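Model the full assembly from the supplied sequences, consistent with the hints where possible.
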Amino acid sequence: MPYTQDIVDELNILVRYDLTTTLEGIKVHKTATPETIAATHRLFEKGLVSQEDGGYLTNLGLETAVKAQAVLDILRPL
Numbered sequence: 001m002p003y004t005q006d007i008v009d010e011l012n013i014l015v016r017y018d019l020t021t022t023l024e025g026i027k028v029h030k031t032a033t034p035e036t037i038a039a040t041h042r043l044f045e046k047g048l049v050s051q052e053d054g055g056y057l058t059n060l061g062l063e064t065a066v067k068a069q070a071v072l073d074i075l076r077p078l
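Number 58 in the numbering used here belongs to position 58 of the sequence shown; there are no gaps in the numbering.
Just so you know, these hints were derived from the structure itself, not from any lab. Check each hint, because a few of them may be wrong.
As the list claims (entries may be wrong) - Cβ pair distances, simulated, as ranges:
id, residue 1, residue 2, range
1, PRO77, GLU52, 19 to 29 Å
2, LEU23, PRO2, 30 to 40 Å
3, LEU72, LYS46, 25 to 35 Å
4, MET1, LEU23, 34 to 44 Å
5, LEU78, GLU45, 14 to 24 Å
Please read these numbers as outputs of a predicted model, since none were measured by experiment. Ideal Cβ placement from N, Cα and C applies to all residues, glycine included.
Spelled out as structure tokens, the structure:
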């Protein structure tokens with residue numbers, strides 16, 4: 001099954017997190033694109049982030065973000 005645009009949008013949110021610390025979150029403002037706001041809300045509904053507008057990664061969110069970053073690192077052009 002190929003990635004849908006919704007999944008790509010969610011992955012793009014996850015890779016914005018600083019994975020070197022659990023003490024730093026993100027805030028998605030009302031001025032963000034509708035796609036970004038919707039993706040962040042879906043991540044919250046899935047239990048990957050602590051707040052509807054971002055917040056901190058949950059344990060599951062951290063695990064997922066690490067894997068998303070690994071895929072991005074492998075696929076990124078040299």
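Q) Which hints from the list above does the structure break, by number from lowest to highest? A) 1, 3 and 5
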